[in-house]
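Protein sequence lines correspond, in order, to chains A and B.
With positions in the first sequence counted from 1, the corresponding number in my numbering is that position plus 18.
With positions in the second sequence counted from 1, the corresponding number in my numbering is that position plus 1.
What the hints contain is simulated information worked out from the structure, not anything from laboratory work.
Take the hints with a grain of salt, since some may be wrong.
Interface residues of chain B toward chain A, partial, derived using beta-carbon atoms under 7 Å [to be verified]:
#, residue
1, Ala107
2, Pro108
3, Asn113
4, Ala124
5, Thr127
6, Glu164
7, Ala203
8, Val205
9, Glu207
10, Met208
11, Ala243
12, Pro269
Pairwise CB distance ranges (calculated) [what the hints assert, rightly or not]:
#, chain 1, residue 1, chain 2, residue 2, range
13, A, Pro415, B, Val103, 32 to 40 Å
14, B, Ile66, A, Ser103, 43 to 51 Å
15, A, Asp106, B, Leu149, 58 to 66 Å
For glycine and all other residues, C-beta sits at the position ideal for the given N, C-alpha and C.
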Amino acid sequence: MRTTRRQFLALSGGALGTAALRLDTAPALAQNAPVKIGVLAAKAGVLAPVGESGLRGVQWATERVNAAGGILGRRIELVVEEESSPKDTVERFRKLSLQDRVDAVSGAISTGVGLALGPVAEEMKTIWLSWDATTQKGVEETMPKPKYSFRSTDNECEAVMASMLTARHLKGKFRTVAGINPDYSYGRDNWAAFLAIMKKYGIELSVVSELWPKLGATDFTAHVAALGQAKPDLIFSCFWAGDTPIFLKQAHAAGLTARTKLVLTTGGGVHESLKKDFTPEGAILGYNCLYFDWARASALQKEFVRWHHEKFKEWPNYESDHGYFTIVAYKAAVERAARAAGGKWPAPDAIIQALEGVEAESLSGPRRFREDHIMEATFFQGMTTHRNAHDFVTIDPVETMTTKQIQKPSGVGLYDWINSWKV
Amino acid sequence: MLFLVAAGLQLVFGVQRILNLACGSFYALGAYAGVSAVAWALGHGLPAPLFVLVLVASGLALAVIGPPVERLLRAVYDRDESFQLLLTFALVLMFEDVMRFVWGPAPVQLGNAYLVYGRLAVAGSTVPVYNLVVIAAGGLVALGMGGLLTRTRFGRIVRATAENREMSAALGVDLGRVYARVFTLGVALGTVGGALVIPATAAVSEMAIEVVVEAFAVVVIGGLGSMRGAFVGSLIVGVLKAGAIATWPEVEMLAIYVVVIGVLVLRPAGLFAGAAP
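Starting from the given sequences, assemble the full structure and let the hints guide the process.
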């Protein structure tokens, strides 16, 4: 099903030539023509592994939907484009909308790209189902009451859950903390949320070191040395890419992991690279919305995990599930709107209305889009263990929390919400 | 490690007047190839402590990509620097795709080779012995390069070419061959550097860009084309970075570029400008 760049270029060249013709014939063909879904998947740099993973989820969902007869009899056809810088990605979004005339766009991970895409989706009047690309700041300004954008879960869900687990399991076991987080909104917001929640739980602590390596850094020896001098009881980090294994490896080599508790909110995204050699047991580790080895997983997740491992020799991570959900949610919304429209293919506005509050079975269990276009899902975290058949760490026991518990409700500020907790 | 990459950059610029951004890609390629080579060698029963030799060997072997890349760069030898930057940056992007194609998008790493030589307690902090091995290797390469450039016939020819290429061509030096060899040597410095650093980190496709930015800071501080400049410049950048992170982490990048600006204002040609490569 994969479209190579070359085939894609040929296709889009042909599409250009026949654009005028298609304008006339499009309405007549609509019932049989494929549903076109544009995909924005990162292919280079820090985001590449995550982008690849999201794309796999989208492709698997598409194959299954098509094998089962498509959406109301129409096959899904994917038009895959690349997510890169905000400026270029916005251009590709416009191209998907204007030239490929896609029915919806699925994808985008980077917060910066997401902020840029929001207004463009409104302007192009094209439904955009984001995989991630969510943050606190800027969203209200650039996407006030979005109509066409549907966002992922809040960025801070992972930090909120990891902080709750820290309070539950480690309260009284640490006094000094250090943070090492990537130097952009995701890292800054998660660290601030962690400190606010510790305060809310009445945990007295002193911050002995705050380190902000830039996103994509590959050497942390100097940071590890600084942490070694600061001697914190606990280190909090929301590293999520290649930075996680590199930091852990260098921290382990410097003897830091033996005496310090670790809270890794998001490292489970690169779980296979967290080798037992250097990743200690007893660290809090977050897997976002999909834990590949969950004993209570649905048959659907088990089938996907098996397929993924056979095909790619890797165990899947959360972004596959974000990608998967965007496709099945779109299908569910179309079918929901069609029921109201007497079985006919619904108008875009009806699909949008149906997406609000739509529920669908994701790989990791039921998910839905809230009426304010934000995703609701289940998160997976736990304490690392070496007792498994792999050469990397897993978690045991697996703790789950839903966005009902760890995501701020619609229309409330994050810190107002945290302060309103009764603990 | 920064020194090895910067030294490669210096050597190539000094002799060929080419600003080679792709030196970062050689570093990344060296890292990826190092992982594969060591995994293969250990799989064939190599005793673990010998893995450093495998890394160096794989780095050197990878230098075979030097001559063909040099052949490609000949197209821009006498052009404006901006063409050189464009072409070599294109190479960076292409190599990144090649690496992703061959090794996949996920980080690639060596098992626990990092701690094979154990750890050492130095002044209250713990240092993996392997770090000292790498420092020693950097020093050896510096000495070796010095010896090669000042004491051998090849070194004399290289220096003469750097000084005045028309004159050395007139004296019967085959410039094409000198260029190919020098460039290959520059590639080898990058690939060996990448291979040696891999036990302590993980190979990711973006490492090419990261190292090339720092290498350029080193080169500006040390002076373009100067080998001693590369050595001192990389020491300055390394110490500045570590010092900033330990005391005031926010200024890590700023500190380096303040020094870069200072050097550009006070000694625009760099600390060791005009010295032989």
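Here is how each hint holds up against the structure:
{"no.": "1", "hint": "Ala107", "verdict": "holds (5 Å)"}
{"no.": "2", "hint": "Pro108", "verdict": "holds (4 Å)"}
{"no.": "3", "hint": "Asn113", "verdict": "holds (4 Å)"}
{"no.": "4", "hint": "Ala124", "verdict": "violated (11 Å)"}
{"no.": "5", "hint": "Thr127", "verdict": "holds (4 Å)"}
{"no.": "6", "hint": "Glu164", "verdict": "violated (36 Å)"}
{"no.": "7", "hint": "Ala203", "verdict": "holds (5 Å)"}
{"no.": "8", "hint": "Val205", "verdict": "holds (4 Å)"}
{"no.": "9", "hint": "Glu207", "verdict": "holds (5 Å)"}
{"no.": "10", "hint": "Met208", "verdict": "holds (5 Å)"}
{"no.": "11", "hint": "Ala243", "verdict": "holds (4 Å)"}
{"no.": "12", "hint": "Pro269", "verdict": "violated (28 Å)"}
{"no.": "13", "hint": "Pro415(A) / Val103(B): 32 to 40 Å", "verdict": "holds (39 Å)"}
{"no.": "14", "hint": "Ile66(B) / Ser103(A): 43 to 51 Å", "verdict": "violated (29 Å)"}
{"no.": "15", "hint": "Asp106(A) / Leu149(B): 58 to 66 Å", "verdict": "violated (44 Å)"}
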